[in-house]
Amino acid sequence: MNLGFILLILLFYLRRPMGPIEVSAEWKRIINGGMIAAGILWALANSGILIISQIALFLNFGLGALIVYITLRNPELQHRKGMIYAWMPIMALMVIEEIVKLISPSFFESIEVYLGTATFFAIIWAIVMWINNTKQRKALEQERLKVLQKEKEYKVTEALKAQLEKQVQERTKEITQKKNELEKALKELKAAQNQLIHSEKMASLGELTAGIAHEIQNPLNFVNNFSEVSSELIDEAKEELDTGNQEDAKEILEDLKANLQKILHHGKRADSIVKGMLLHSRSNSGQKEKTDINALTDEYLRLSYHGLRAKDKSFTADFKIELDEGIEPIEIIPGEIGRVLLNLINNGFYAADEKKKELEKEGIKDFMPIVWVKTQKIKNGVKITVRDNGKGIPKDIQSKIFQPFFTTKPTGKGTGLGLSMSYDIITNGHGGDLKVTSQAGEFTEFEIIIPQTTES
Amino acid sequence: MKILIVDDEKDVELLFRQKFRKEVKSGVLELAFAFSGEEALKVLDSEHPPKVIYVFSDINMPGMSGLELLNQVKNQFPEIQVSMISAYGDSQNYEKAMQSGAKEFFTKPIDFESLKVEVNKLIESQK
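Here the protein sequences line up with chains A and B, keeping their order. Each residue of the first sequence is one higher than the one before, starting from 2 at the first, in the working numbering. Each residue of the second sequence is one higher than the one before, starting from 33 at the first, in the working numbering.
Don't read these hints as lab results, they were simulated from the structure. Fair warning: this is a prediction, and the values are worked out from it, not measured in the lab. Not one of these hints is a red herring.
Calculated cross-link-like contacts (lysine-lysine; reagent style BS3-like; alpha-carbon spacing at most 27 Å): (1) A/K410 - A/K191; (2) A/K312 - B/K135; (3) A/K185 - A/K202; (4) B/K148 - A/K258; (5) A/K251 - B/K148; (6) A/K269 - A/K378; (7) A/K191 - A/K202; (8) B/K42 - A/K312; (9) A/K362 - B/K106; (10) A/K401 - A/K358; (11) B/K42 - B/K83; (12) A/K314 - B/K106; (13) B/K54 - A/K239; (14) A/K314 - B/K74; (15) A/K366 - B/K106; (16) B/K128 - A/K366; (17) B/K54 - A/K258; (18) B/K106 - A/K358; (19) A/K321 - A/K436; (20) A/K356 - A/K436; (21) A/K312 - A/K358; (22) B/K42 - A/K276.
Here's a subset of chain A near chain B, in silico, CB distances under 8 Å, partners left out: (23) F227; (24) H307; (25) T317.
Each residue gets a CB set at the ideal place from its N, CA and C atoms; glycine is no exception.
Whole structure, please, built from the sequences with the hints as guidance.
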């Protein structure tokens, strides 16, 4: 065993990585330098040239001390401390041996036995240290493998993550596209719905036209007739005055006043019908305004009746109206509520007329279709009842009648939107309720409840 | 001479009373009014034989229509003449009325001149 050789081994191990720990490139360079120096010194020490081999030997001591010192002091080489400790006794003994040999060969001979013993223990020490170090190294190696494993797992996870990310992006794109498509479809559906609602309004306006014509014609006739007769009365009054008949002249003047009031009344009636018609045809929902429910109900009952009359000359029906005079004006959208009334009353006449036709087929001719319309003041609002003595609605379809597009009328006679729109107007538009009670073959009764809204 | 005017519009009464003011005042004409077909039949049925000799009826009324009234009157009181007054001057109503025995068919707005001519003819024939 030679010190130079030991130094080479030490340097060689210092340079190698231990477990996950690796020395930096800087240190590797320094250690490489040390290895070259150690190699040269070892060769010189073994050269057998007297002085040079002695100097090389002592330089080797210096190098050994330097390696020990640097390794123990430097934090980056701490992991090789164990190795240094293992070799230190052997190295120390070698140094002592050489120094004693040089100073006093005779003394060396006397203590050689002890030195041999010491060397023996130093070797055992080195072996024990080596076993211990190996254990530590193995643990570190394990650690390193673990770290590597983790790194591998991490990479796999990363790859998976990237893949997932890509998939998520693709899906997001798909979903966004679907969403846009759906939004477009929804928009188109809404437009179609508006179109349908507008068509329904226009269709019911068409049904109304004849009724409106009649309802406008009537007051206009009165306006014309009363104007004409008033002009005649003025002539008569003049005549009476000419003959000095003051009493009769006064009477005629009273009549004239009454006539002018009638003209005004019928003028207003025509006016309100035209306004109602405009409200009805308007495609936007309109504004809520204080409305006389009784007047509105009466007007739409007449419009419905005369409209049906005008359309079908054979149509005969009766109606009864009962108005609660205690009802105060209430905040509603008149055009909308008018639409509901028209729809319900038209349905009532239709159902009663159908029953009449069916009974006629069986030979019963004295059935009179009747629609009753009643207004009633209730707590916090009004109730309007529309009842007919028609065919009634069978129990199993009573729940369906407010569904859009549900109709029992033959194709082309009804859109199936009337009741669903009415329901929407009463519940969503006015916060009220629309209820039906019916007995098949006997009657149908719709009850509209409109709450009095407190806000102005 | 008594005539009955049937119309669901109540203002018709005032109008007729003023239009035939002179005739009513002089006592040659008596006017009666009914506001539905059913009421008209009651009025006619209240006197036996009925004093009313002529009925002017609107066609378009709730409940019993003017055409139904025409049939009923012709059945129960064949001697009474009936003329129709309608807002709808369509041939369908006209033909139905004529077939059922209506004397005249007036359209609204009422041309009181022709109506007066008709009434005057009646008054003349009654003399």
